[in-house]
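Engineer: Chain by chain, the residues:
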Amino acid sequence: MRNRERTHKYTMLFIGAIVSLLWIYPFYLVFINSIKTKAGIFEGTLGFPSAPTLENYPTAFAELDFLLTFFNSVIVTGGSIFIIVIFTSMAGYALSRKPGKSSTLVYFLFAICMLIPFQSIMIPLVSLFGAVDMLNRMGLAIMYLGLGSSLAVFLYVGAMKGIPKALDEAAIIDGCNRFQVYWYIMLPMLKSTTVTVIVLNAIWFWNDYLLPSLVINKEGMYTIPLKTFYFFGEYSTQWHLALAALVIAMIPIIILYMFLQRYIIDGISDGAVK
Amino acid sequence: MNFKSRTYWLFLLPTLLALLLVLIIPFFQGVYYSFTEYNGFQVTGFVGLDNYIKLFSDEQFLYSLGFTGAFSLASVIGINVIGLAFALLVTQKLGKASTFFRTVYFMPNLIGGIILGFIWQFVFLKAFTGISEVTGLEFFRGWLADTETGFWGLVILFVWQMSGYIMVIYISFLNNVPQELLEAATIDGANKWQSFWKVKFPLIIPAFTVSLFLTLSNAFKVYDQNMALTGGGPFGSTEMTTMNIYDTAFKVQEMGYAQSKAIVFLIVITLISVIQLYFTRKKETEL
Chain A
1 MRNRERTHKY
11 TMLFIGAIVS
21 LLWIYPFYLV
31 FINSIKTKAG
41 IFEGTLGFPS
51 APTLENYPTA
61 FAELDFLLTF
71 FNSVIVTGGS
81 IFIIVIFTSM
91 AGYALSRKPG
101 KSSTLVYFLF
111 AICMLIPFQS
121 IMIPLVSLFG
131 AVDMLNRMGL
141 AIMYLGLGSS
151 LAVFLYVGAM
161 KGIPKALDEA
171 AIIDGCNRFQ
181 VYWYIMLPML
191 KSTTVTVIVL
201 NAIWFWNDYL
211 LPSLVINKEG
221 MYTIPLKTFY
231 FFGEYSTQWH
241 LALAALVIAM
251 IPIIILYMFL
261 QRYIIDGISD
271 GAVK
Chain B
1 MNFKSRTYWL
11 FLLPTLLALL
21 LVLIIPFFQG
31 VYYSFTEYNG
41 FQVTGFVGLD
51 NYIKLFSDEQ
61 FLYSLGFTGA
71 FSLASVIGIN
81 VIGLAFALLV
91 TQKLGKASTF
101 FRTVYFMPNL
111 IGGIILGFIW
121 QFVFLKAFTG
131 ISEVTGLEFF
141 RGWLADTETG
151 FWGLVILFVW
161 QMSGYIMVIY
171 ISFLNNVPQE
181 LLEAATIDGA
191 NKWQSFWKVK
201 FPLIIPAFTV
211 SLFLTLSNAF
221 KVYDQNMALT
231 GGGPFGSTEM
241 TTMNIYDTAF
251 KVQEMGYAQS
261 KAIVFLIVIT
271 LISVIQLYFT
281 RKKETEL
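From first to last, the protein sequence lines are chains A and B. Sequence positions in the first sequence follow UniProt numbering and run 1 to 274. Sequence positions in the second sequence follow UniProt numbering and run 1 to 287.
It is worth saying that the hints were derived from the structure and are not from the lab. Keep in mind it's a predicted model, so treat the numbers as computed, not measured. One thing to keep in mind: the hints can contain errors.
[Unchecked claim] Here are the computed lysine-lysine pairs in the DSSO-like style, where the Cα-Cα straight-line distance is at most 30 Å:
#, chain 1, residue 1, chain 2, residue 2
1, B, K198, B, K283
2, B, K192, A, K9
3, B, K4, A, K101
4, A, K165, A, K191
5, A, K218, B, K221
6, B, K93, B, K198
7, A, K191, B, K96
8, B, K93, A, K9
9, B, K282, B, K221
10, A, K161, B, K4
11, A, K38, B, K192
12, A, K191, B, K4
[To be verified] Some chain B residues flagged as far from chain A (calculated, every beta-carbon gap over 10 Å):
#, residue
13, K126
14, F139
15, Q276
C-beta atoms are modelled at their ideal positions from N, C-alpha and C, and glycine is treated no differently.
Could you put together the complete structure from these sequences and hints?
Structural biologist: Quick look at the structure:
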């Protein structure tokens with residue numbers, strides 16, 4: 001019995017390790033070829049370089065205009081996240097504290113909107129925002145609020161139902177207004193839901209290509225996915241530079257993942273299951 | 001204490017306004033545009049059902065729907081089988097290794113479709129050629145150069161990306177399986193295989209409902225990966241519906257016609273999701 005358990009454990013460890021190697025292999029290939037010269041890649045793509053070099057990186061970094069591009073991504077993601085967290089938690093608070101027909105109706109509206117695929121509203125959306133001159137970062141943040149609101153509102157309503165109403169009442173009797181109750185009592189109690197909302201949306205906003213390509217497709221505003229795409233269009237035959245660019249583009253998120261791994265995975269899991 | 005009516009609407013206002021501007025108004029406008037000739041700025045004519053009639057003889061559009069359907073089917077199966085296998089593996093109490101495996105399997109999911117598409121373009125075009133030179137295997141030659149390898153290339157990329165995500169969902173359901181039940185099964189002489197099929201499997205059926213729904217709708221909506229890996233080529237043979245809609249709208253500039261395709265796309269996705277939910281829900285209650 002003991003022995004069988006141990007064999008089972010080692011078999012599982014072995015399989016897990018092999019699959020891990022397989023799963024990382026594409027990243028590994030990109031990395032080792034990014035430290036080869038053009039001639040080095042031409043000689044072979046599978047082996048580790050005989051003379052590793054970092055010479056592709058400064059060029060790729062400069063061509064990506066990486067500081068600006070990274071900053072743009074931070075602005076777009078951070079700003080949109082801020083807006084979606086504040087407004088959907090407010091909406092969730094109102095919905096969870098006023099049962100009745102209007103809340104049911106609003107809730108239903110959010111549910112219906114969740115089913116609309118982006119592509120089916122893409123054309124009128126761009127026309128509408130274009131007509132009022134809102135094809136900019138502000139417009140993009142509003143679009144993300146609209147597109148991401150349903151899930152975030154559901155998560156907040158779910159969490160707030162677990163917070164006793166007596167708490168609001170006590171605070172209101174003590175002289176707080178609704179906004180103060182929301183800001184000083186509710187939001188701090190909803191930290192774990194807020195983490196979930198941030199994680200889910202941050203991954204989406206940070207990596208999104210299609211919507212930003214329609215809304216902020218202007219020199220000086222490119223985010224990492226947009227800039228990577230254009231970079232690739234120009235340098236696709238120069239793999240040594242293109243691969244270095246891919247590595248640079250991935251670094252911020254990989255670093256973040258190393259530190260916040262647990263929060264990210266828990267957030268994903270909460271968002272999907274609840 | 002309930003909200004006063006005015007404060008209630010004030011709290012809801014920003015989000016509802018965004019919903020209205022971003023989804024509800026564009027949705028109704030979209031339905032309207034699909035019956036018109038529209039260039040992105042103004043409607044130049046009302047054409048009734050013409051766009052819809054035209055689309056049924058648009059071979060490239062119909063092809064892209066079929067391609068997307070086949071892609072989704074293959075991906076959904078691959079992602080759920082591998083995702084579930086991963087979840088079972090990392091819930092085997094392997095200590096720190098479990099966390100490590102989970103971290104690795106999930107990683108592709110954090111990176112955007114554009115970057116992933118380019119990574120795999122390199123793998124298929126360059127590394128595969130390298131492998132075929134080393135091993136002499138014909139199988140690794142000429143990837144992405146024809147429809148079939150383009151198709152499987154997209155499936156491989158998407159399965160690699162999404163399996164870790166679906167794994168996380170299965171893990172949370174597996175962790176909710178009561179430990180007593182598994183212990184009881186072991187005492188009664190069930191082996192690992194039996195305790196999976198007889199105890200865990202029936203209890204995680206709800207996970208299938210969630211996972212199938214998510215993978216199916218995500219697979220249908222893939223755009224970035226398609227764009228970066230094959231660009232729809234060669235000759236539009238790996239073009240998915242989303243790309244077909246995009247090109248009709250923003251390259252050919254036939255916005256009204258593109259919108260009618262977008263409406264058909266909406267109907268197809270909704271129908272498939274409803275049918276899938278109906279069947280998995282039914283399975284849930286049967287067991």
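Engineer: State for each hint whether it applies.
Structural biologist: Tested hints:
no. : hint            : result
1   : B:K198 - B:K283 : holds (15 Å)
2   : B:K192 - A:K9   : holds (12 Å)
3   : B:K4 - A:K101   : holds (15 Å)
4   : A:K165 - A:K191 : holds (18 Å)
5   : A:K218 - B:K221 : holds (25 Å)
6   : B:K93 - B:K198  : holds (20 Å)
7   : A:K191 - B:K96  : holds (27 Å)
8   : B:K93 - A:K9    : holds (8 Å)
9   : B:K282 - B:K221 : holds (26 Å)
10  : A:K161 - B:K4   : holds (18 Å)
11  : A:K38 - B:K192  : violated (51 Å)
12  : A:K191 - B:K4   : holds (26 Å)
13  : K126            : violated (5 Å)
14  : F139            : holds (16 Å)
15  : Q276            : holds (13 Å)
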